[in-house]
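Participant: Going line by line, the protein sequences match chains L and D. Each residue of the first sequence is one higher than the one before, starting from 1 at the first, in my numbering. Each residue of the second sequence is one higher than the one before, starting from 1001 at the first, in my numbering.
Certain hints may be false.
[What the hints assert, rightly or not] Calculated pairs, EDC-like style, for lysine to aspartate or glutamate (alpha carbon to alpha carbon, straight line, at most 20 angstroms):
| no. | chain 1 | residue 1 | chain 2 | residue 2 |
| --- | --- | --- | --- | --- |
| 1 | D | Lys-1109 | D | Asp-1157 |
| 2 | L | Lys-253 | D | Glu-1244 |
| 3 | D | Lys-1109 | L | Asp-206 |
| 4 | D | Lys-1109 | L | Asp-220 |
| 5 | L | Lys-253 | L | Glu-202 |
| 6 | D | Lys-1109 | L | Asp-77 |
| 7 | L | Lys-25 | L | Asp-77 |
| 8 | D | Lys-1109 | L | Asp-214 |
FYI, nobody ran anything at the bench for these hints, they're computed from the structure. All values derive from a computational prediction rather than experimental measurement.
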Amino acid sequence: MTGPFIIACASVTGTVPELPEYLRKPLRRGDQFIQLTAAAAHQALVQVVAVERPGERCGLFLGTCFGPMQSNFNVLDALIDQEPVSPTLFSHSVFNAAAGYASRLFGIFGGAWTFTSFTWPFLQGLANADFMLATGRLDRALILQVETYAPLLHDTRRRMIPQAVEEWPPCAVAWVLDREAINPRALSLREVSFSEGAAPPETALDREELLAGDPEAPLDLHPMALPLLLTDLAGKTCWEGEKQITVTARFGKASVCLWSAPCPPSLSSSGRTSP
Amino acid sequence: MPSPASAANTPVVVAAEVLTALGRLDDTWQGLLAGKCGLRPFAAPDLGSTYPLGLLKGSGEIGSPARLEFALREVSRPLAAMAGIIGPGELLVATTKGAADELLPPGAKPWRGQAWQAGTLTAGILGCRGAVQTVSAACASGTLALIQAALKIRRGDCEVATVIGVDIASRFVLAGFACLQALDPEPCRPFAADRQGLSLGESAGLLVLTSAAFAAAHSLPVLARVAGWGAASDATHITAPSREARGLREVLRLATGNGTVAVGGINAHGTGTRYNDAMEMTAFLGQWPKPPPIHSVKGALGHCLGAAGVIEAAIALRSLQSGHLPPTIGHAGGEFPDAPISGTAVLPLTCPTVLSCNSGFGGINAGILLAAPDR
Chain L
1 MTGPFIIACA SVTGTVPELP EYLRKPLRRG DQFIQLTAAA AHQALVQVVA VERPGERCGL
61 FLGTCFGPMQ SNFNVLDALI DQEPVSPTLF SHSVFNAAAG YASRLFGIFG GAWTFTSFTW
121 PFLQGLANAD FMLATGRLDR ALILQVETYA PLLHDTRRRM IPQAVEEWPP CAVAWVLDRE
181 AINPRALSLR EVSFSEGAAP PETALDREEL LAGDPEAPLD LHPMALPLLL TDLAGKTCWE
241 GEKQITVTAR FGKASVCLWS APCPPSLSSS GRTSP
Chain D
1001 MPSPASAANT PVVVAAEVLT ALGRLDDTWQ GLLAGKCGLR PFAAPDLGST YPLGLLKGSG
1061 EIGSPARLEF ALREVSRPLA AMAGIIGPGE LLVATTKGAA DELLPPGAKP WRGQAWQAGT
1121 LTAGILGCRG AVQTVSAACA SGTLALIQAA LKIRRGDCEV ATVIGVDIAS RFVLAGFACL
1181 QALDPEPCRP FAADRQGLSL GESAGLLVLT SAAFAAAHSL PVLARVAGWG AASDATHITA
1241 PSREARGLRE VLRLATGNGT VAVGGINAHG TGTRYNDAME MTAFLGQWPK PPPIHSVKGA
1301 LGHCLGAAGV IEAAIALRSL QSGHLPPTIG HAGGEFPDAP ISGTAVLPLT CPTVLSCNSG
1361 FGGINAGILL AAPDR
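Pulled out of the complex, with its shape left as it was, chain L reads as follows (with noise of 0.2 angstroms):
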């Protein structure tokens, strides 16, 4: 077998949930894109039980397209009224606070990368994971997407393009890799490859990605359609063998394939299921 191992992730869209105790108090000033952040980290590292890692050999890779977009507008906002600029706020409108406030929050200290990008910033974070784990420097890995949104996003986009009546909803993905192993599921990420081209700028908000098959199936038009598909496939179902997804947009193409070990009779029985 070879790795890296997926052994835990985790999605959330729409609202933040509620937040356990010991995030609570560090979160209360962060803006929805931290806790979004957070939330998801937590639902992903919670599934992981066994083997602790070193804080060194843990890093984190965070991809998105927007960043903390409301908090940027808010900062803008309070330069127009001639108002004070908050210093919490200014602080939360760099792209990498929510990076900061996870590795604080859950002991990563091997790194926190952040990567800005409309094409695939979560296979960015997962190749850029990959690498980190098949040299050595680390051990383990927590890969995010995370997104949320502003209602000026929202007008633009309805102006751009009429058909798109619905918000694209804040959402966040997280994924554990591990070098080893350690679940009763050997899930593993064989190859992440993506290629990207220079697009037009209204593709960021047109957003049309096309899952190969016979027939081609449109994904959802939103930026977290592919990691929503991905953590899918890789946490809720029980299959076996080689899973290869490929996807193709405007600007270009992306190929992520999953090899799964037989599902253990314990995880059979316990509500997954055979897609």
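Mind docking chain D on chain L? Use the hints.
Facilitator: Only chain D this time, still in chain L's reference frame:
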């Protein structure tokens, strides 16, 4: 999955350029050697105060897309002759805020300079057709983008990776650092006993990395090879560094292979804030009883945020070529007598390697060790 590393895919630097308050790379280097300061008083429109700023000599309102594009176009102009090399390669962009003030003027218009558009914008200007990635790690963005590029080459993802760091002055960022009370009303004084904060600057920097095999096959001049790197988190506080320098000490350990690779000089982050500079000295003096020579460019150029790591790496290349570190403008000694800080004079490298390191918001620390090519 990643391919095994070999000497052929050792990452090397084959081109570099910067645009700073002191000019292009040649001008910046000569200005640093001559002790020039590029910081000038700037009346901040929202703050009712004047702060020193390291502004580019160019056009466009601060914080505007026009200014961002000017910086990108100017810094990439000397690369026109390399279009055939960098065009098919990958592009990594390091920025914190892009044209943050773009949305301040009234009136709806298409956004083009936001941080999330920086990659596409830069790819269009440079003519890059490969993968584009924007690294957003606050003041460590530039160094982390360089590390990313080196890793991509090392694992065989690409043979050429262009790294651009760019950040322009803006009302957004000025107001933000002012509200944090992090700005020195006078030009900043890195590592000085009486330092009072940082001075902001703006710049663009560019490095082209290739594999050693690709450089040899295309007769490209190798300016340096990437000899080590490290990235680590403080996991302490969102804006303040770890007082024990936990993250940076780990970076130094990783970048030097547990101390087995000698460092001939350090291009430090050296912002001039009390906590950053003290944290860095804790790390340096903890790693080495007698640290290698140290300098900071922030007193001459200002803190260029996401671009800092790229322009400082470019300056480190000149240090490797010349064998010495330039002066640390603004440093007048005092607090760290055990550390060889360049002060008003140049300091010779103790061996032909230079470590360039940065630390930023969120507790992120990163360092890249550059070695002279014949080493």
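Participant: Each hint needs a verdict: does it hold in this structure or not?
Facilitator: Results for each hint:
{"no.": "1", "hint": "D:Lys-1109 with D:Asp-1157", "verdict": "violated, 37 angstroms"}
{"no.": "2", "hint": "L:Lys-253 with D:Glu-1244", "verdict": "violated, 44 angstroms"}
{"no.": "3", "hint": "D:Lys-1109 with L:Asp-206", "verdict": "holds, 17 angstroms"}
{"no.": "4", "hint": "D:Lys-1109 with L:Asp-220", "verdict": "violated, 27 angstroms"}
{"no.": "5", "hint": "L:Lys-253 with L:Glu-202", "verdict": "holds, 18 angstroms"}
{"no.": "6", "hint": "D:Lys-1109 with L:Asp-77", "verdict": "holds, 17 angstroms"}
{"no.": "7", "hint": "L:Lys-25 with L:Asp-77", "verdict": "violated, 27 angstroms"}
{"no.": "8", "hint": "D:Lys-1109 with L:Asp-214", "verdict": "violated, 41 angstroms"}
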